[in-house]
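Asker: For the sequence shown, the numbering used here gives the first residue as 4, with consecutive numbering after it.
Be careful, since some hints might not be right.
Unchecked claim - Listed next, the in silico DSBU-like pairs over lysine-lysine satisfying Cα-Cα at most 30 angstroms (straight line):
hint	residue 1	residue 2
1	Lys-40	Lys-113
2	Lys-130	Lys-104
3	Lys-114	Lys-95
4	Lys-40	Lys-104
5	Lys-52	Lys-113
6	Lys-40	Lys-95
7	Lys-113	Lys-95
8	Lys-52	Lys-40
9	Lys-95	Lys-52
These aren't lab readings, by the way, just hints derived from the structure by calculation.
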Amino acid sequence: VVAVPDIWLDVDTMADLDDVAADFRQRHGRRLRIATKYWRLTQQFFSLKHGIQVYRIVESLGATEGAPAAGLADVIVDITTTGSTLRANHLKVLGDGTILKSQACLVASKKQRDAADEARLREIAAKMGALVA
């Protein structure tokens, strides 16, 4: 997801961010900085899908959501499940800033399984059910 500081009251969409990016260099003397571990996805999403060209990617090696507060970036692109870490770092996800959605899937072979395999599968399924519940 694309997340910006929640004090950016007038930035709620990628189009709003495009306006900010275009004006950012003139106001601040540098390009808009985007912290991410996923630079290819970010480039495709910003440049190809939304036509945003005036930015610089800052590679993040961890704790990406802290980059704006640390002054290392202005915007982040990161994965999120609940958004609680983003909110804790005073960031908000843009309305159309979801780059992709994913989910975990458990796949098993159709071949016959022995009792030990069945027990392992039941254990995994129980743990997954506990995570969902």
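Asker: Please go over all the hints and tell whether each is borne out by the structure.
Answerer: So, going through the hints one by one against the coordinates:
Taking the CA atoms of Lys-40 and Lys-113, the gap is near 37 angstroms; set against the 30 angstroms cutoff, the hint is violated. Pair hint Lys-130 plus Lys-104 holds up; C-alpha atoms about 22 angstroms apart against a cutoff of 30 angstroms. For the hint linking Lys-114 to Lys-95, the alpha-carbon distance of about 47 angstroms lies beyond 30 angstroms, and the restraint is violated. Distance hint between Lys-40 and Lys-104 is fulfilled; the C-alpha atoms sit about 16 angstroms from each other, no more than 30 angstroms.
Distance check on the hinted pair: Lys-52 and Lys-113 sit about 40 angstroms apart at the alpha-carbon level, beyond 30 angstroms; violated. With a C-alpha separation of about 18 angstroms, the suggested pair Lys-40 and Lys-95 falls inside the 30 angstroms cut-off, and the hint holds. The hinted pair formed by Lys-113 and Lys-95 fails the criterion: a straight-line CA distance of about 44 angstroms is larger than 30 angstroms. Of the supplied pair hints, the one linking Lys-52 and Lys-40 holds, its CA atoms being roughly 19 angstroms apart against a limit of 30 angstroms.
For the hint linking Lys-95 to Lys-52, the alpha-carbon distance of about 20 angstroms falls within 30 angstroms, and the restraint holds.
Of the hints listed earlier, those the structure fails to meet are numbers 1, 3, 5 and 7, in rising order.
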